[in-house]
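S.K.: Dock chain G against chain E, hints included.
Going line by line, the protein sequences match chains E and G.
Here the UniProt record's numbering is used: the first residue of the first sequence is 1, the next is one more, and so on.
Here the UniProt record's numbering is used: the first residue of the second sequence is 1, the next is one more, and so on.
Relax, there's no trap hidden among the hints.
Note that identical chains are pooled: a pair holds if it fits in a single copy or bridges any two copies.
Dumping the calculated DMTMM-like pairs for lysine to aspartate or glutamate here, alpha-carbon to alpha-carbon at most 25 Å:
#1 K97 with D180
#2 K97 with D167
#3 K100 with D65
#4 K100 with D88
#5 K97 with E173
#6 K52 with D116
#7 K61 with D88
#8 K28 with E106
#9 K100 with D116
#10 K100 with D167
Hints listed in this document are in silico derivations from the structure and should not be mistaken for laboratory results.
Predicted model, so just to flag it, every value in this text is computed and none were measured.
There are 2 protein chains.
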Amino acid sequence: MPPTSETLTAERILEATEEVLRRHGPAKATVVDVARALGVSHGSVYRHFRTKAALREAVTKRWLDRTSLRLAGIVDAEDRDPRQRLRDWLAALFAAKRHKAGDDPELFATYTVLTDELGGVVFEHIADLTGQLTRIITAGAGSGDFSVPDPAAAARAVFQATGRFHDPCYAREWTAPGIDEEFTAVVDLLVRGLSSPSR
Amino acid sequence: MPPTSETLTAERILEATEEVLRRHGPAKATVVDVARALGVSHGSVYRHFRTKAALREAVTKRWLDRTSLRLAGIVDAEDRDPRQRLRDWLAALFAAKRHKAGDDPELFATYTVLTDELGGVVFEHIADLTGQLTRIITAGAGSGDFSVPDPAAAARAVFQATGRFHDPCYAREWTAPGIDEEFTAVVDLLVRGLSSPSR
Chain E
1 MPPTSETLTA
11 ERILEATEEV
21 LRRHGPAKAT
31 VVDVARALGV
41 SHGSVYRHFR
51 TKAALREAVT
61 KRWLDRTSLR
71 LAGIVDAEDR
81 DPRQRLRDWL
91 AALFAAKRHK
101 AGDDPELFAT
111 YTVLTDELGG
121 VVFEHIADLT
131 GQLTRIITAG
141 AGSGDFSVPD
151 PAAAARAVFQ
161 ATGRFHDPCY
171 AREWTAPGID
181 EEFTAVVDLL
191 VRGLSSPSR
Chain G
1 MPPTSETLTA
11 ERILEATEEV
21 LRRHGPAKAT
31 VVDVARALGV
41 SHGSVYRHFR
51 TKAALREAVT
61 KRWLDRTSLR
71 LAGIVDAEDR
81 DPRQRLRDWL
91 AALFAAKRHK
101 AGDDPELFAT
111 YTVLTDELGG
121 VVFEHIADLT
131 GQLTRIITAG
141 AGSGDFSVPD
151 PAAAARAVFQ
161 ATGRFHDPCY
171 AREWTAPGID
181 EEFTAVVDLL
191 VRGLSSPSR
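This is chain E alone, in the form it adopts within the complex (with noise of 0.2 Å):
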């Protein structure tokens, strides 16, 4: 029962899309592939995504946003004071990217090499996050639990000091024992540094 192009929403080819990629692998995956398991022609699916590469950029975006999505809850969240909410939106960015790496190891990599090969996307996508912990960090200056004086600054360092527990290339070790022992001491040691006085 081939739905009719009508129906056929980008939301739909993108999840398509994911499928056949975590079937057939980023290297042979093709727009005729993700045409026929929904099936409609491929001209379809160009109606939506007008190249395959935009097709591809697409779907990572998707799924690097599902990360962004679930933490931006934590930015907001003003019945925690800043530190713990910095604490507990690294927590959440180490749990989320453990997560996809384990439950589904083939689409993890399959993503790690599209991220590798869409250098755009990937840069939008940390300035999401860097963005979101600028928020948590501008917070905790405004109420005296940091001392910054550049937030923005200061969340590029968070994030990159912590990039053991979330950039893929250390995907490897997120099982380790000890891991979430060195995640705490890494994240108190920061927040320490946020929290004194420059000099």
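M.R.: Relative to chain E, chain G alone:
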């Protein structure tokens, strides 16, 4: 003028091995290539290194040790206070890695493949480096510059938090504009964290 086997030292074999790796890459380099480069039989090479794996391990360890040896002098430089020693040590590590990656990219790529295969050698190298860091942080705890209950744990955290500036998976970014400012921002934050009283 092939040298006699009397003059064949482990160090000469390792030098030749590095040259063979540079020329052929890690996948194709063989013990026969190394023996040929030295003008000796492969049996003579095996008298020093009993297996190809042992030879690869030794040459990789030698390459990694070059970095640790450069840094060791900073650990004991008591003319500088521990905070400055920590900054200098991290900057020297970044500089050493950056030089290795930039001056001889083929050899760097080769050793990155080898270190991926040789987990034990890398583990020892990291233990060696964090051991050096632990000595600096211990000195800082003794002098009151750092407020750190567990210098070894703090050293691991500092090493991991600065991975962007020494881990080969970030080598591509070491020439990016702004990387030096990013390095300074991360190190400042960590030094502040180490210096502030625990809560």
